[in-house]
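Residue numbers (numbering that gives the first Met the number 0), protein chains in the order written: chain A, 0 to 148; chain B, 0 to 517.
Hints may be right or wrong, so weigh each one.
Stated by the list, open to error - Mimicking DSS-like on lysine-lysine, the simulated pairs with C-alpha atoms at most 27 Å apart in a straight line are:
{"no.": "1", "chain 1": "B", "residue 1": "Lys50", "chain 2": "B", "residue 2": "Lys25"}
{"no.": "2", "chain 1": "B", "residue 1": "Lys28", "chain 2": "B", "residue 2": "Lys105"}
{"no.": "3", "chain 1": "B", "residue 1": "Lys266", "chain 2": "B", "residue 2": "Lys63"}
{"no.": "4", "chain 1": "A", "residue 1": "Lys98", "chain 2": "B", "residue 2": "Lys340"}
{"no.": "5", "chain 1": "A", "residue 1": "Lys98", "chain 2": "B", "residue 2": "Lys63"}
{"no.": "6", "chain 1": "B", "residue 1": "Lys101", "chain 2": "B", "residue 2": "Lys28"}
{"no.": "7", "chain 1": "B", "residue 1": "Lys105", "chain 2": "B", "residue 2": "Lys56"}
{"no.": "8", "chain 1": "B", "residue 1": "Lys123", "chain 2": "B", "residue 2": "Lys56"}
{"no.": "9", "chain 1": "B", "residue 1": "Lys105", "chain 2": "B", "residue 2": "Lys187"}
{"no.": "10", "chain 1": "A", "residue 1": "Lys93", "chain 2": "B", "residue 2": "Lys340"}
{"no.": "11", "chain 1": "A", "residue 1": "Lys87", "chain 2": "B", "residue 2": "Lys50"}
{"no.": "12", "chain 1": "B", "residue 1": "Lys340", "chain 2": "B", "residue 2": "Lys123"}
Derived by calculation from the structure, the hints in this document are not laboratory data. None of the values given here were measured: they were computed from a predicted structure.
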Amino acid sequence: MKDSIYMCLRENERVKNPFFVVAGQPPPPPEADAASRFRCGQRRSLTKDGGALVPAAGVRRWSRALVWRDQKQRVTLPSQEGPWDVRKLLVWMKENLLKERPELFVQGDSVRPGILVLINGADWELMGELDYLLQDQDNVVFISTLHGG
Amino acid sequence: MCEAEEGGCGNETQPKRAPRGSCPSKCMKCKEGSPVLIIRVGDAFCKSCFKDYFVHKFRAMLGKNRCIYPGEKVLLAFSGGPASSSMVRQVQEGLSREAAKKLRFKPGIIYVDEGAVCRQSPGKREEIRSQMEMILQATGFPYHLVCLEEVFDLPGSVLHSIPHSATDHGGSYKEAVDGFIRWQQHEKTAGDSASSLENQLARLSVHRSSQQEGPPVPGTRPPPVAHTEALTKLFGAVKTLTAKEELLQTLRNHLILHVARTSGYSKVMMGDSGTRVAVKLLTNLCLGRGAFLAADTGFSDSRHGDVLFLRPMREYTAKEIAFYNCFFEVPTVFTPALDTKTPDRASIHRLIESFLYRLQCDFPSTTSTVCRTGEKLCVTSPEADPGGPTETPQCLFCLCALDTNAVDGSSLQSTVLSEQLCQKPLPPSTGNGCCGGASNQTGCCRAPLAPRDSSQLLPLLCYSCRLTIKDMSSLEPLPAYIHLEAERRRCRAAMKQEIQEFLLEEEDSDAAEGLPLS
Chain A
0 MKDSIYMCLR ENERVKNPFF VVAGQPPPPP EADAASRFRC GQRRSLTKDG
50 GALVPAAGVR RWSRALVWRD QKQRVTLPSQ EGPWDVRKLL VWMKENLLKE
100 RPELFVQGDS VRPGILVLIN GADWELMGEL DYLLQDQDNV VFISTLHGG
Chain B
0 MCEAEEGGCG NETQPKRAPR GSCPSKCMKC KEGSPVLIIR VGDAFCKSCF
50 KDYFVHKFRA MLGKNRCIYP GEKVLLAFSG GPASSSMVRQ VQEGLSREAA
100 KKLRFKPGII YVDEGAVCRQ SPGKREEIRS QMEMILQATG FPYHLVCLEE
150 VFDLPGSVLH SIPHSATDHG GSYKEAVDGF IRWQQHEKTA GDSASSLENQ
200 LARLSVHRSS QQEGPPVPGT RPPPVAHTEA LTKLFGAVKT LTAKEELLQT
250 LRNHLILHVA RTSGYSKVMM GDSGTRVAVK LLTNLCLGRG AFLAADTGFS
300 DSRHGDVLFL RPMREYTAKE IAFYNCFFEV PTVFTPALDT KTPDRASIHR
350 LIESFLYRLQ CDFPSTTSTV CRTGEKLCVT SPEADPGGPT ETPQCLFCLC
400 ALDTNAVDGS SLQSTVLSEQ LCQKPLPPST GNGCCGGASN QTGCCRAPLA
450 PRDSSQLLPL LCYSCRLTIK DMSSLEPLPA YIHLEAERRR CRAAMKQEIQ
500 EFLLEEEDSD AAEGLPLS
């Protein structure tokens, strides 16, 4: 049984062509896709009153090299014996999605201090943090507070 | 219990370990909505209560401090980051409310493009500038897009602290507000055309002045390559990341100050969040800026005299700001900074930041405690008549009062002494720069400037700016306005030294008044 998770690195539903990552396959090169998706998302999401998202709500500090910035990724996790929780998801991300400097995202068991996690639009502290059990079609968003001012 | 679709804790399986405290099931304020985030230690808020809380806090900050008078022009410093974007959004919302509770100032926005320092490619810089421009245009406020390279065109007067007469408003804050409301009502009955025309004229003049600031015209042309190279060379001459960050902040502040002065803004709002202020507080202690904590981290910073720097986002934690931006779709742009992807110990700023964040994880009241302790510090207002003989000397870079009076027994004295003992004795200098020739005083400003070494700048700087300078391998690449102002101050100090014996001190003049006429 496979669990599918929409892992949004940006909470914008209007991105065209979210691409699918199946665990075990190498991800496509980030730069070309990231730039085009970034621009494409930008064009579509700007409205006249300027209240729309300019994509940057994803993880920032490490995103350009480690993961693709501001992308919605639908992720299919491999099946395993026990259920998936956030702790295991982080381990999986560290092994499969982070290309370099994993210590900028994951520290020990948990995310690095300063990175917020939203599960289905709510603070993960309300859900049990690392012990929250992932369900099908869950939305997990990572936001960095370490950057910007 | 948890928002949105199925899948939440407690539905099918119990969590292995109970989270910190119990999972609150209802918003603590309205007791009805389902909570979406936890603020502080255990306060769960639903989305609408959180929005009310956030908006109310901003307006309460401005209202409590009562420093922005109606109709004033305020410059918002926008970096594209979450806190400044949130601040711009709050100002937008505050200005759009019903008339009685509207915010009453006229905002403008400034964005400083620091891409050259962060080594971005020109294409990347262009891309970020165009994104910024789109966001700024969408706000509807007049905006200024400046590049950090423009520091090389600044005049020396930017380093002067122009005294600000508090009698400009001619009355208390309440009277000013009442007067403004009466004026507004009068305008409404008289007809809207006059006020809107006035606003449009004001807006035109701002746009025109922003174009006249000199090359490059904001948003249209990239900065001249020579300036970009000079900036790269300047930051290449700085050895440590800590000194680079301090220098960058100094130059950025000077540039913002210059734009504010030339465009007629009397206040500048910076987007420092509470978390950032706490980090800055501890960092400044480590950098030797303990004497200026109140100015650097307080709500208002009056060191420049005529332009007041405010920090209205000071009460918000970074988490609250990030959640607000996420829930209410505040546009932000990611720009890499000097310390992006650097290890934890690359600079003092990074070290303190990682220390505080880690401590905050286990002790959630850390940042608020640090901020509140910092709030207890306040700046003593200078009572002496500015411009008179008792004017306090200011640091050349940060424009704070010099704290380098090495009195007997002070720690500065011991530091200086140990430095001197460690260094080899310097060869005797040939004179005090351009004012060394006592015979030719009139020619002192026309003589060629002395070679710019650090020993000439050091006496003009506070302790922490001295440390920044000491981390630079050469002072030549500094912008011209700094050197000019340094020369001017040195000449004045030398001149004052020469005529010292003829100057009447305060005590002498008081004593003289008491004497009978002879």
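Structure-based check of all given hints:
Of the supplied pair hints, the one linking Lys50/B and Lys25/B holds, its CA atoms being roughly 16 Å apart against a limit of 27 Å. Proposed proximity of Lys28/B and Lys105/B is contradicted: the alpha carbons are some 34 Å apart, above 27 Å. Distance hint between Lys266/B and Lys63/B is fulfilled; the C-alpha atoms sit about 16 Å from each other, no more than 27 Å. Note on Lys98/A and Lys340/B: the hinted pairing holds, with a Cα-Cα distance of about 13 Å set against a maximum of 27 Å.
Proposed proximity of Lys98/A and Lys63/B is contradicted: the alpha carbons are some 48 Å apart, above 27 Å. Under the criterion of a C-alpha separation no larger than 27 Å, the hint pairing Lys101/B with Lys28/B is consistent with the structure, at around 25 Å. Restraint check for Lys105/B and Lys56/B: satisfied, since their Cα atoms lie roughly 20 Å apart, inside the 27 Å limit. Annotation: proposed proximity of Lys123/B to Lys56/B is violated, straight-line Cα distance about 36 Å (limit 27 Å).
Proximity of Lys105/B to Lys187/B is assessed by CA-CA distance (about 18 Å); at most 27 Å being required, the pair is judged to hold. The suggested pairing of Lys93/A with Lys340/B holds, with an alpha-carbon distance near 17 Å, which does not exceed 27 Å. Taking the CA atoms of Lys87/A and Lys50/B, the gap is near 33 Å; set against the 27 Å cutoff, the hint is violated. For a cut-off of 27 Å, the pair hint linking Lys340/B to Lys123/B stands: about 18 Å separates their Cα positions.
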